[in-house]
Amino acid sequence: MLNFLDTVGEAVAGIKDGSTVMIGGFGNAGQPFELIDALLDGGATGLTVVNNNAGQGDQGLALLIKEGRVRKMICSFPRQSDSWHFDEKYRAGQIELELVPQGNLAERIRAAGAGIGGFFTPTGYGTMLAEGKETRILDGRGQVFETPIHADVALIKALTADGTGNLVYRKTARNFGPIMAAAAKHTIAQVSEIVPTGGLDPENIVTPGIYVNSIVKVA
Amino acid sequence: MLNFLDTVGEAVAGIKDGSTVMIGGFGNAGQPFELIDALLDGGATGLTVVNNNAGQGDQGLALLIKEGRVRKMICSFPRQSDSWHFDEKYRAGQIELELVPQGNLAERIRAAGAGIGGFFTPTGYGTMLAEGKETRILDGRGQVFETPIHADVALIKALTADGTGNLVYRKTARNFGPIMAAAAKHTIAQVSEIVPTGGLDPENIVTPGIYVNSIVKVA
Amino acid sequence: MSIESNSQTGTQAGIRTGIQSSDTPLGRDDLARLVARDIKPGSFVNLGIGQPTLVSNYLEPEQNITLHTENGMLGMGPVATGGQIDGDLINAGKIPVTELPGASYFHHADSFAIMRGGHLDICVLGAFQVSATGDLANWHTGAPDAIPAVGGAMDLATGAKDVFVMMTLLTRDGASKIVEACTYPITGIGCVTRVYTDKAVFLTGPDGVQVRETFGCTLEELQDMVPVPLKAASADGS
Amino acid sequence: MSIESNSQTGTQAGIRTGIQSSDTPLGRDDLARLVARDIKPGSFVNLGIGQPTLVSNYLEPEQNITLHTENGMLGMGPVATGGQIDGDLINAGKIPVTELPGASYFHHADSFAIMRGGHLDICVLGAFQVSATGDLANWHTGAPDAIPAVGGAMDLATGAKDVFVMMTLLTRDGASKIVEACTYPITGIGCVTRVYTDKAVFLTGPDGVQVRETFGCTLEELQDMVPVPLKAASADGS
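Chains as they are written, first to last, in my numbering: chain A, 21 to 239; chain B, 21 to 239; chain C, -13 to 224; chain D, -13 to 224.
No lab work stands behind these hints: they were computed from the structure.
Hints may be right or wrong, so weigh each one.
Here are the simulated DSS-like cross-link-like pairs (lysine-lysine), alpha carbons at most 27 Å apart as the crow flies [what the hints assert, rightly or not]: (1) D:80 / A:86; (2) A:237 / D:80; (3) C:80 / B:237; (4) C:80 / B:109; (5) C:26 / C:147; (6) A:153 / B:153; (7) C:26 / A:205; (8) C:80 / B:86; (9) D:147 / D:80; (10) B:92 / C:80; (11) D:80 / A:109; (12) C:147 / C:163; (13) A:205 / C:147; (14) B:205 / D:26; (15) D:147 / B:36; (16) A:36 / A:92; (17) A:36 / C:147; (18) A:153 / D:147.
Which chain C residues stay away from chain A? Per the calculated CB distances, all over 10 Å, these [unchecked claim]: (19) 13; (20) 16; (21) 23; (22) 49; (23) 82; (24) 131; (25) 159; (26) 169; (27) 184; (28) 213; (29) 219.
We treat Cβ as the ideally placed atom computed from N, Cα and C, and that holds for glycine.
With the hints as constraints, model all of the structure from the sequences given.
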């Protein structure tokens, strides 16, 4: 069932300790800062977080990591010039890292939403990141077996929602939003605008409302 | 390279005997009748055709089958009340049939375009259509290993193209178009309208021009 | 007799006589009305080709049901008539349909990802046979001269959270379509959760077959027709 | 000295002296100009973070090159400045960029499907090392205290039809980055087809390393720097 909520606090209230939480965004584009702040306020801990990065500067996901709420990161690019909170936790052995090539991260998230039990991809074949994984030659190329990444909750940012929960995004802020919405049991979207049902063109919907559970408008 | 052609005949001129040809459409919606007619006129034979169905009535794909140009059909639903040409060829042993559940057909086509070497799907597990195929239990469910379906050529129908080959479709005529465009080495799109580059909203592109090689406007 | 009165009577009859909720077998429309009534508000539903499409005639607007059609749409409306007919807007049975506000279109891989990914709440299908453990056979008679055609049947069977079957209980020859094990080629293993027939509603699953309600027969009379052990469903077994 | 004059000289020099096309090593911008010139008209190209992004400064409009950025866009334009800057429109290096007419946006799985599916003509990447058979090492130093980060490097390496590497030939310590076998953790096997360095352009692949042109050195001098056998590329080896 779809709920429209008044505050980000209500939106994230059901997130339990130990949950796997997907967080949309690539860098700051599409990162749902307000939902992350609410998650920080809400106190859930022991989280596994799926995001392309591991937080930047002193905001959003970086703060969640700083506060010790994140047990494990699944991401492709944790190390950035301003990823000091992750760096510190990682070097202190206080956070687990599953490093996944970016395209495999995206495809594994997509597989979870699409009900695919696993797939073979050439990305990573013969590298450190395929160590211990099943491989085989397909279409004449070495390929690595990868499995879906499911989540309890997805926190994403979109531009506009309609009354049935359909979403559209804005430019490259779209990035992980659509695939995370499909991969999580419960998807929470923060949007800039809510329009009545019928206010979005059916040809242009990027995330159908079937993938969305909670919507909160953020000014 | 992208070409805009004046006639459907020019568009299909390069299709060789023995090619694997994907043809868009679900029933008549999105079926590129004019391109199929041109393929019929062009004389290419020994084709493997990928389509959801195996032709209806006395038009399009049904005629291609009637004329003996199709060596093999890969489809999910060949038998319909008006699929008499396929029925006759099949009963006479003059056409090969690879029957694929519709969702596996779509996902196998998608896999080809996306560079996935193979995937496991629960669809078909334990049925006749999984006989001889590798299976394993994943996510607690029996799943079947399926491989990508590549093609030499895709013939698809879209609504509008822009000058860079970006495509948008119309309603449920979208069906197989976007995934076939990505899965074929050479994609030919018949469209109702061509607009200048910049005439389609970048947020609403369904098939980016990178997947399109030839465009022909059909009145 | 409408199903509304049936179901009201049914509830009372359930108290009085057990699970017999109608004095007569249900017709196709009454059965469709019953299925429609059982779909929870807010559900996302796919209605298979044939008898299941009748269900859409009995969905109430206040149920807020969203219909999916596997050729690429959520928010499908009623069958199109007259000037509404548009060859680019069809359902999985290739029948022209309409679009409701809030609809969305997507390509075939995205559409079947919705199904295979378990996002549909209910799929309603016809069947040749259903086994005691919920195996479904509905795509192929297995006759040597039959041309096989599967379409989306296997995807629907394996994908939805609940698979409801609608069928007559007996074949024209009087054989039960609920069977110990399917003799027709199966569509999916253990996927059916509920079977709506003219004579009864059955709940199927790993624990065997339970009967929720009967129409025009007692549980004992029903058991005489069906070659698998039946038991009455518990009161909350709906 | 601009690369245009270099390359003209180069053609003549190629006839005169073999493959030496410049009297001096190339600077980063000259190298970027050379890569840009070598990209076939109409190509779809992904430029990696760092030195490869310089290539975009030298692409000519008449080349009709479409740039892909793996965070979800085709038709990326130049870096945004002033009022153009929009936090929702960034490239893979998280730098604000612009949108050209004909652009399209898509989600991450669709974007990497473009790469993994082999639809990009060329990807230009930086590197720590390239092996004689085209193995690439560009994501991880392998140092015990380094925090690994891979991003899209492995997807780009395995996905594009041609992978061009741009790098200095030698490390600061004077060691060749073209090696018999990579000592850094690899990004992809046998994926690099061409290596643009300050001292020479190399063609790599299963048949070993060929030199297309040299800058400020002869083939013999180059061979002294590089620990794998080099041979001059055939005339059509561009």
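The hints, checked one at a time:
1. D:80 / A:86: Within the cut-off at roughly 22 Å; holds.
2. A:237 / D:80: With a Cα-Cα distance of about 26 Å, the restraint between residue 237 (chain A) and residue 80 (chain D) holds, given a limit of 27 Å.
3. C:80 / B:237: Measuring from Cα to Cα gives roughly 26 Å; hence the hint holds.
4. C:80 / B:109: Judged against 27 Å, a Cα distance of about 24 Å means the pair holds.
5. C:26 / C:147: Between residue 26 (chain C) and residue 147 (chain C) the Cα gap is close to 13 Å, so the pair holds against 27 Å.
6. A:153 / B:153: holds (22 Å)
7. C:26 / A:205: Distance of about 19 Å is within 27 Å: holds.
8. C:80 / B:86: The given pair, whose Cα atoms are some 22 Å apart, holds under the 27 Å limit.
9. D:147 / D:80: holds (25 Å)
10. B:92 / C:80: With a Cα-Cα distance of about 24 Å, the restraint between residue 92 (chain B) and residue 80 (chain C) holds, given a limit of 27 Å.
11. D:80 / A:109: Holds, at about 24 Å.
12. C:147 / C:163: holds (23 Å)
13. A:205 / C:147: Cα-Cα ~13 Å, so holds.
14. B:205 / D:26: Distance ~19 Å between residue 205 (chain B) and residue 26 (chain D) Cα, so the pair holds.
15. D:147 / B:36: holds (24 Å)
16. A:36 / A:92: holds (15 Å)
17. A:36 / C:147: Measuring from Cα to Cα gives roughly 24 Å; hence the hint holds.
18. A:153 / D:147: Holds - the C-alpha atoms of residue 147 (chain D) and residue 153 (chain A) are around 26 Å apart, at most 27 Å.
19. 13: With a cut-off of 10 Å, residue 13 (chain C) remains clear of chain A, as the shortest Cβ separation is near 32 Å.
20. 16: At about 29 Å from chain A, residue 16 (chain C) clears the 10 Å cut-off, so the statement holds.
21. 23: The claim holds: residue 23 (chain C) sits with its nearest Cβ about 19 Å from chain A, beyond 10 Å.
22. 49: holds (12 Å)
23. 82: Fine: 16 Å to the nearest Cβ keeps residue 82 (chain C) off the interface.
24. 131: Its Cβ never comes within 10 Å of chain A, the nearest being 34 Å, so this holds.
25. 159: holds (38 Å)
26. 169: At about 29 Å from chain A, residue 169 (chain C) clears the 10 Å cut-off, so the statement holds.
27. 184: holds (32 Å)
28. 213: At roughly 34 Å from the nearest Cβ of chain A, residue 213 (chain C) sits farther out than 10 Å, so the non-interface label holds.
29. 219: At roughly 25 Å from the nearest Cβ of chain A, residue 219 (chain C) sits farther out than 10 Å, so the non-interface label holds.
The earlier numbered hints are all upheld by this structure, with none contradicted.
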